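Each protein sequence line maps, in turn, to chains A and B. Going letter by letter, the first sequence gives residues 10 to 424 in our numbering. Going letter by letter, the second sequence gives residues 10 to 424 in our numbering.
It is worth saying that the hints were derived from the structure and are not from the lab. Here the structure is a predicted model, which means the values were calculated and not measured. Keep in mind that the hints are not guaranteed to be accurate.
Since the list can't tell identical chains apart, any single copy or any two copies may satisfy a pair.
What the hints assert, rightly or not - Here are the computed lysine-lysine pairs in the BS3-like style, where the Cα-Cα straight-line distance is at most 30 Å:
{"hint": "1", "residue 1": "K200", "residue 2": "K164"}
{"hint": "2", "residue 1": "K118", "residue 2": "K245"}
{"hint": "3", "residue 1": "K115", "residue 2": "K245"}
{"hint": "4", "residue 1": "K115", "residue 2": "K41"}
{"hint": "5", "residue 1": "K164", "residue 2": "K245"}
{"hint": "6", "residue 1": "K200", "residue 2": "K245"}
{"hint": "7", "residue 1": "K41", "residue 2": "K245"}
{"hint": "8", "residue 1": "K41", "residue 2": "K164"}
{"hint": "9", "residue 1": "K164", "residue 2": "K118"}
{"hint": "10", "residue 1": "K41", "residue 2": "K200"}
There are 2 protein chains.
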Amino acid sequence: MSEVREKSSLAKGTLVTLNRLTAAEKNDALMKMADALIEEQHSIIAANQEDLERGRANGTSSSLLDRLALNESRIAGMAEGLRQIVELPDPIGDELEHIERPNGLKIEKIRVPLGVIGIIYEARPNVTVDAAGLCLKTGNAVVLRGGSSAISSNKRIVEVLQQALANSAIPAAALQLIEDTNRASVDEMLKLNGLLDVVIPRGGASLIQNVVQNATVPVIETGAGICHTYLDATAKLDMAAPIVINAKVQRPSVCNSMETLLVHEDFAGAHLTSIAEQLRSNNVELRGCERTARYIQLDQNATEQDYATEYNDYILNIKVVNDLDEALEHIRQFGTMHSECIVTENAAHAERFLQEVDAAAVYHNASTRFTDGNEFGFGAEIGISTQKLHARGPMGLPALTSTKYRIYGTGQIRQ
Amino acid sequence: MSEVREKSSLAKGTLVTLNRLTAAEKNDALMKMADALIEEQHSIIAANQEDLERGRANGTSSSLLDRLALNESRIAGMAEGLRQIVELPDPIGDELEHIERPNGLKIEKIRVPLGVIGIIYEARPNVTVDAAGLCLKTGNAVVLRGGSSAISSNKRIVEVLQQALANSAIPAAALQLIEDTNRASVDEMLKLNGLLDVVIPRGGASLIQNVVQNATVPVIETGAGICHTYLDATAKLDMAAPIVINAKVQRPSVCNSMETLLVHEDFAGAHLTSIAEQLRSNNVELRGCERTARYIQLDQNATEQDYATEYNDYILNIKVVNDLDEALEHIRQFGTMHSECIVTENAAHAERFLQEVDAAAVYHNASTRFTDGNEFGFGAEIGISTQKLHARGPMGLPALTSTKYRIYGTGQIRQ
């Protein structure tokens with residue numbers, strides 16, 4: 010039996026036990042996982058050194074090496090993340106509907122775990138801990154498939170967590186790591202209907218596209234974000250400028266940062282030079298349409314391809330539009346249904362934008378950077394769904410659950 | 010451009026309009042659709058005759074011809090179905106969550122349409138009307154792909170419904186029928202990411218498996234049901250027998266009927282002959298395990314293959330088990346997560362069964378035949394989901410919706 014199938018079967022074998030656990034038992038296990046990370050931090054850091062050395066030998070970029078690196082403070086952060094998950098209410102067992110039928114049947118709709126969740130992700134080893142904590146808190150088993158660059162760290166982290174689980178009510182086998190980092194192990198997971206209940210990809214666009222294109226297991230698509238901010242004619246400069254700067258430069262590498270700025274021509278005439286100046290002083294390369302070039306100096310013209318690119322970098326497209334309709338049309342064409350913002354003092358325009366833009370999160374007068382489980386008050390997130398099925402936007406614990414109808418009868422039969 | 014792509018694009022083009030409609034406007038359109046079916050019933054029946062003649066020429070079975078046949082009474086039933094959908098509350102726009110953050114952001118989670126829904130189905134032309142009504146009521150556009158046996162009926166029905174829509178606020182293009190009944194048109198729909206938001210297959214196991222195996226578009230899997238009834242040691246004969254008979258013979262052809270009866274050995278010793286007699290008098294062929302054969306005469310032994318078969322017919326597997334654990338293990342092995350029942354007077358056993366069995370609907374002391382949108386009080390259903398993502402069990406109108414976060418700010422930026 011392949012590693013993927015064997016470990017997924019082991020994970021599935023724990024579902025009956027997981028399903029019986031109380032919130033207190035699951036929380037106790039998560040606390041033990043957190044403690045074990047701290048106790049074993051030196052062996053984890055040693056394993057991480059292997060990844061870093063391999064990375065340096067392979068010529069990995071310093072920014073990627075930085076994301077991969079673990080130290081005492083980052084491990085403390087991972088443990089703290091688990092303790093925060095402990096604090097969150099356990100959604101399992103919640104009664105979502107209660108129906109009493111004329112024939113006396115009582116029907117309860119109850120939250121239950123999804124089952125076995127496959128997580129396919131890339132470099133950062135903190136995802137290993139996060140995903141394990143969120144899935145186990147919701148009574149799911151989890152099969153992790155991290156990238157090759159972090160494999161030594163991931164192996165050690167999962168060993169440590171499994172040892173902690175061995176002293177808890179959660180079976181250690183509920184947490185599995187696929188150690189084969191060849192592409193074939195991903196492909197096998199994507200077809201493992203009957204063993205995996207869902208696969209969640211976390212990472213770049215090519216990882217996600219591979220999963221969406223090849224999975225027969227249900228998928229929750231996450232991530233890719235070409236987000237827009239539209240400055241309407243009535244936007245105020247002192248509100249618009251901070252929102253634009255924040256959406257672009259506060260953390261350009263993430264999915265909820267802005268890639269294209271749409272500007273009403275009236276606003277552009279009055280204020281685009283000021284906005285551009287602030288962007289430049291934040292090291293943002295500016296690409297723009299022909300009309301934009303009438304107002305400001307551009308680094309280059311923006312092409313259709315640019316409008317369709319998630320830069321995740323200090324680069325911004327700017328397009329001047331005639332009106333709200335043109336802005337909406339641009340977003341329809343190039344948006345990825347992630348996060349979109351309008352800055353305006355016109356309430357009717359705001360309402361139209363929020364109503365018509367088809368995206369997980371639509372903003373009036375706030376930075377798109379807020380699309381995040383913590384910022385929404387969910388306490389934690391497993392990712393940001395950009396699909397419409399099951400969960401949309403930042404996914405907290407309830408996104409990792411399914412439901413089940415429990416029906417209580419006294420001998421009813423159907424007429 | 011292919012028919013599938015062209016019609017799906019036309020459907021997608023109506024989303025902005027659909028998204029703006031009020032419940033009253035959508036209900037008005039559905040009433041006009043219902044009226045049009047009655048007004049045009051003779052042309053619909055004439056088109057249906059073409060299907061029936063073609064069916065007879067092709068040697069279609071009489072039971073299939075019966076399911077295909079339309080008459081005034083069945084068309085009246087279809088129109089009445091639309092009027093019942095009108096009566097249901099419109100879930101679109103419902104506020105599911107309201108969050109106020111310390112920084113002043115107001116976050117609303119709102120129900121929105123899914124977008125463009127593809128429905129792939131087989132013979133019965135009433136699905137054409139049902140699916141159109143349910144999807145349009147929830148502000149979705151719909152692309153229907155029915156089977157070749159009903160193509161003349163489906164074409165005429167969709168023409169009639171589109172003509173009705175032309176006099177309503179719903180754009181006629183929001184309802185599309187794929188007339189190409191070759192397998193290639195299904196395959197194309199399954200890969201139409203970006204144009205179709207979800208595909209829902211309704212039909213037999215092979216149709217559903219093809220969709221699940223080949224779709225890159227998100228799928229809601231429906232249907233296949235290998236449902237069990239377990240008669241525990243303490244079950245009462247006068248409750249157990251009617252439940253067993255009802256689950257097997259009230260309508261054997263549907264997914265929530267029983268395929269395998271599990272019987273505790275104590276109950277078998279006391280009552281299996283009586284149960285078997287009643288099943289036989291209802292023309293049920295009995296297959297069973299070796300232990301069953303000690304109590305009753307079987308038509309043949311039940312094989313592993315039998316336990317894994319959805320008969321949808323007057324055939325039943327019977328298996329005698331030692332205890333609840335063996336029953337649970339059998340259901341884990343052969344169940345399809347649809348509907349499962351325990352008949353018992355032992356409250357602890359009932360609770361364990363309802364807790365541990367992983368299925369959309371789990372019953373204590375009632376027939377599995379109740380797994381149905383109308384029986385649950387939903388007023389209508391688009392199908393019964395046997396997957397865990399998005400919707401599970403009978404799917405009413407909310408299953409045809411997604412959500413969206415609307416965020417109201419006053420210039421907030423992320424720290």
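Now the hints, each set against the structure:
When the C-alpha separation of K200 and K164 is checked against a cutoff of 30 Å, the pair qualifies only within one copy, where the shortest distance is 24 Å, while the shortest distance between copies is 36 Å. In this assembly of identical chains, the alpha carbons of K118 and K245 lie at most 30 Å apart only when taken from different copies (27 Å versus 48 Å within one copy). Only between protomers do K115 and K245 lie at most 30 Å apart by alpha-carbon distance; the minimum there is 20 Å, versus 56 Å within a single protomer. For the homomeric pair K115 and K41, neither the shortest alpha-carbon distance inside one copy (39 Å) nor that between copies (36 Å) is at most 30 Å.
With identical chains, the CA atoms of K164 and K245 are never at most 30 Å apart, being 52 Å at best within one copy and 54 Å at best between copies. For the homomeric pair K200 and K245, neither the shortest alpha-carbon distance inside one copy (52 Å) nor that between copies (44 Å) is at most 30 Å. Taking the closest pair of Cα atoms, K41 and K245 never come within 30 Å of each other, the shortest separation being 51 Å inside a single copy and 47 Å across copies. Taking the shortest Cα distances, K41 and K164 sit within 30 Å of each other inside one copy (18 Å), while across copies they are farther apart (63 Å).
In this homomeric assembly, K164 and K118 never come within 30 Å of each other (Cα to Cα): the closest approach is 38 Å inside a single copy and 39 Å across copies. For a Cα distance limit of 30 Å, the shortest separation of K41 from K200 qualifies neither inside one copy, at 33 Å, nor across copies, at 45 Å.
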